[in-house]
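**Q** Each protein sequence line maps, in turn, to chains A and B.
First residue of the first sequence: 1, per full-length UniProt numbering; consecutive thereafter.
First residue of the second sequence: 1, per full-length UniProt numbering; consecutive thereafter.
Keep in mind that the hints are not guaranteed to be accurate.
One copy or two, either will do: identical chains are not told apart, so a pair holds if it fits within one copy or between any two.
[Said to hold, decoys possible] Pairs of lysine-lysine residues, derived as BS3-like cross-links and limited to a Cα-Cα distance of at most 30 Å, are as follows:
1. LYS492 x LYS604
2. LYS448 x LYS610
3. LYS448 x LYS651
4. LYS492 x LYS571
5. LYS533 x LYS220
What the hints contain is simulated information worked out from the structure, not anything from laboratory work.
Protein chains: 2
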Amino acid sequence: MFGLVLAIFSITSAITAKSNPHPLDPLSPTELAAVRSAVLASGHVVPPLPISFHYVGLDEPDKPDVLSHISATVTSGGTIFLRHAFVIARAGGLSHEFRVDITNTSAPFVLSHGIHGGHGFPMFTTEEQVAVGALLPKYPPFVQSVRRRGLAITNVGCGVFSMGWFGDNDARRLAKMQCFVTSTTANFYARPLEGVTLVVDMEAMAIVSYTDRAVYTVPKAEGTDYRAGKAGPPFNGPLPAPGVVVQPEGKGFHIDGHVVRWANWEFHVGFDMRAGTVISAASVHDTDANVWRRVLYRGFVSEVFVPYMDPEEEWYFHTFMDAGEYSLGVSAVPLQRGADCPANAVYLDGYYADADGKPVKSEDVICVFERYAGDVAWRHTEVGGAGEPFAEVRPEVTLVVRMVVTVGNYDYTLDWEFKTVGSIKTVVSLSGILEMKAINYTHVDQIKEDVHGTLISENTVGVYHDHYITYHMDLDIDGTENSFVRNTIVPKRNSGIRATGGALTPRRSYWTVVSEVNVNGAPADLLFVNPSKKTKIGNRVGYRLISAGATATSLLVDDDYPQRRASYTKKQVWVTPYNKSEKWVSGLYAEQSTGDDNLAAWTKRNRKIKDEDIVLWYTVGLHHIPYQEDFPVMPTMSGAFELRPSNFFEKNPLIRTSPPGNSPNCSCSVGG
Amino acid sequence: MFGLVLAIFSITSAITAKSNPHPLDPLSPTELAAVRSAVLASGHVVPPLPISFHYVGLDEPDKPDVLSHISATVTSGGTIFLRHAFVIARAGGLSHEFRVDITNTSAPFVLSHGIHGGHGFPMFTTEEQVAVGALLPKYPPFVQSVRRRGLAITNVGCGVFSMGWFGDNDARRLAKMQCFVTSTTANFYARPLEGVTLVVDMEAMAIVSYTDRAVYTVPKAEGTDYRAGKAGPPFNGPLPAPGVVVQPEGKGFHIDGHVVRWANWEFHVGFDMRAGTVISAASVHDTDANVWRRVLYRGFVSEVFVPYMDPEEEWYFHTFMDAGEYSLGVSAVPLQRGADCPANAVYLDGYYADADGKPVKSEDVICVFERYAGDVAWRHTEVGGAGEPFAEVRPEVTLVVRMVVTVGNYDYTLDWEFKTVGSIKTVVSLSGILEMKAINYTHVDQIKEDVHGTLISENTVGVYHDHYITYHMDLDIDGTENSFVRNTIVPKRNSGIRATGGALTPRRSYWTVVSEVNVNGAPADLLFVNPSKKTKIGNRVGYRLISAGATATSLLVDDDYPQRRASYTKKQVWVTPYNKSEKWVSGLYAEQSTGDDNLAAWTKRNRKIKDEDIVLWYTVGLHHIPYQEDFPVMPTMSGAFELRPSNFFEKNPLIRTSPPGNSPNCSCSVGG
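Bound-form chain A, shown alone (with noise of 0.2 Å):
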């Protein structure tokens, strides 16, 4: 929720090129170091004024041309492309904006500059969050501060908090600091130094205002470490036997380049320094009718909004929009092996930029692996029939693509789990430590007024907040032109009367399906469906999308401020035309924005969806109320969303699946 960063080892070393070049690469080492050359010598930000990188990315190829290299790479092996680049960087106290060729690294140039005119900044940089907390504890106020709660400033960390947008018009690239006793505990989050908050200019790195409002009890640290070292040993804890998967047979999956292959599912792979993993240009294969079938152009987590119900002073502001002010490429974490991801699973890595524009290696930042969850495909035990009774069975296998974010306090788990039935499961598994407030108080009989929270321990408030998670997903549901379909349940009494559909029978009612392009209330499927494509016997080829929980939608009123910053989050599910530069729904400019460049905004021109490339924005909401379990470090929660094809195969693609063979009883089965 909150920056706070871990230092960075630049890298220079070019790794080697990839096998397959693929025009949704992300930018590799050398293209990011050729990013900067081309940006510095451009003469477009003249030195020694400073210049400072908060976004270098994919400015990928337009999507026909995406899409005619991929199908000359199936006929002819690959066509050439070129690579662009799409860079944000601050200077002289101003928003540019550049394109940059790098098709030849050695010979990068720009392409197109700008400078950003509106409302918002770009995300912080890891650099300047570390250098703004430096300015701590040579501020006097806050050292007095400090040492008016008995406590030494070297005991006292501090976080960067974006503030928002509150309706002022105030220029300046602005953030705040919130602190924390954290010497004595490894939980950074589990003692606030409440009621100190600090307001810094980002651009001219200065404090420029300061309040310490009142006096909390600080918390306690016992029973605040999660470290194994410090909660156990004993470890008395729940103890289950541990497993690992054994795959005799190896991995079902291969990797080349950034392109999985697994079963009947192709897909890219990338990674982008806003929004982490994106996978691209998603295709099926169909059994039957031996062809690949594209499902999804591009899908990826466009925001995370998170804002706390606390409307004190210190709690206000607490709106954050996680990738468009703190990038969650930036944020996702190395993966554990064996216990983020399983034993089976292979790792991926991730480049971005640094402030400097050097690039950045995230090591083991992405997992991919098969899932063996014990879940069943499809079965059936049959007792009728002619022959004797007999039981078909098919496990689930999965192939789940990983990545985990922490974002301060918040850790994310975001999956995408492509089911051999041909659905996409997106799954966001929250874990990581609450946002906590201070307070006085020990035991909830002493509480009387609105806390806006739980007394999770003494002294402590776990605040009440939502988590709006918004994927973009851009569905090609077997080509390109789609529409968004609504399949109304729709309750009917039985009329008696068999051309309106009843029938002389005594039952009074039953429901029907009425299908209608488009939204409205009411128990219905929602399909993307390809109104140019049937099957054989004339359904409208489709995917559907499942909801799995997790389906809040904001309570803020319309007219707070940042309710019209994520205006979008009043609603799950938003369809639009696809627009290549409509890739951040809380807008390009997230961080101080003012809701005039968001998902809610461009939909008010009201542009046409039927039979048009589409794209879905489905947002999976969590109101949060905390309970003391969430203490000191929160058990995991899900919510989730399947894209599920419907009519879209002629029949179950997975008839023709063997059933499962000796491997499960094999040697390899030792310990069990």
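Take the given structure of chain A and dock chain B to it, following the hints.
**A** Just chain B now, with coordinates in the frame of chain A:
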């Protein structure tokens, strides 16, 4: 959904007595045999009057006695308890109820006998379904109907369909029969003999009515068979790599009689003819307090209501109650090793009584396994703080208790998943075969009227329908007296006044929580709390209900007959005071029931549920619009809910667990 039955092999051999008998143990074969002897010897049903046993199950001791036994076991190694059985048998056209004492299986005796005077009938027996099926080939009008369609009588198979209740006063125990062409495919349901319906008297074993309303094209056999030998080779379906879970230190759970102990859980697994798996006396260990704390006294699937949405003559009565009409326990199938359950599962048998009262063994009918799905129980990466950056991660391992029930065409995989965090999650996964209607159309474009379903193959409509799986969950959160609390999330405008929860900040709105006992609308956390137990800091001890998709409720009109019988399906959540006799949400006699003895009828008494022993009834609901992928056998769809500790523990119960050791990288990880 309707009954088709396996030949039954009666067993008479007694199995060895369990090491630790438990008052909730299901009836053993010896006990079942003793029940039969006592009933036959009782004189209430004088031979040669034929008697058929429709239900024989444990008549469990009163809850205080069971609880005192369990606590006595802990302190003194057990107490003596009485064993009673409850029987519903049909004889002389009446439903007889017996309570039988089988404490001494050598001298069992009938404690009480009564005749059911109300509406409804007990579940069909397997034997009577087989017997009534044998009538059809000898019934000339039926033979003629088959011939008229150019078919041979030997190529046709029929099933017994419960006919529900549609307002008539016929006191007979009737059922309908419908038929399929079965010789050319193993898919019994794919080739309906549409238009033909018979009514049979299950008591007189006679056909009482016959209709051949219309002739429809019988769908072709091609593409309907899903057996591996018929669908392939070639097995060109999607091919993930085989995988198997290896547990280098062995399994983490232990089964003693019917009691399962795993990690921080202890619970009893029973098996009932009507409900199948019954989970009892589930307690979770509190590591810090070093005590076992009660969570669930008894949980099971109480009914599975499946109404179809076609008002036509052959379909209007398809409104099945799978538990109350066909028995889930009797319909539970032997689990396929390595397919229905993973290789590390252990299997349990179940026993029930056949129509003659003799014990039947259901082999491998429940499996228990530790699930390693690759998920994370909790994690955090910390880059702030005084020390080095670190990550703490605990992988998630859960324990699954699984049963698969095949009621005719549908296969329900019913999981109880226990989590170390203290959660109990129940998951329903649907697979199997759709109920299909034969139709003369071969293409969607030919269809002008409402066919009440989706054309899923030529001449084949998958009929719209719902699934309502209702759980009886007798929660005893940390003791017997509980309250149901709604933590409603209430939007607030910022008043600017601290005394009313506001603050003088630019923030205009937030939400807060209003805690109310009992129910209304709006977003909320639903909890079961123990008002007499609080955490150390004063929060009410509780468990929270979390829906994970599948929250459909019935759309039938209130005065429709099937809706009167299943009137409880209009709400997801019901809470009632505990009453030992209120087990079956659709009433004790669900077959041809009228709704006068169901959950909605009981609750009209408006009984007190605050600070009482209360029961949660939760319905997992799905509106099922079929798609072509559901043909010829359905890929699995799931719905679930979770009961999760919420201020039950003082803190995250998984803190004192050690991180993963060497096991994930041990030498057992071959081939990965």
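**Q** Evaluate each hint against the coordinates.
**A** Evaluation of the provided hints:
| no. | hint | in the structure |
| --- | --- | --- |
| 1 | LYS492 x LYS604 | between (35 Å within a copy, 27 Å between copies) |
| 2 | LYS448 x LYS610 | between (54 Å within a copy, 23 Å between copies) |
| 3 | LYS448 x LYS651 | between (61 Å within a copy, 23 Å between copies) |
| 4 | LYS492 x LYS571 | both (28 Å within a copy, 19 Å between copies) |
| 5 | LYS533 x LYS220 | between (64 Å within a copy, 25 Å between copies) |
Hint check: no violations occur; every hint is consistent with the structure.
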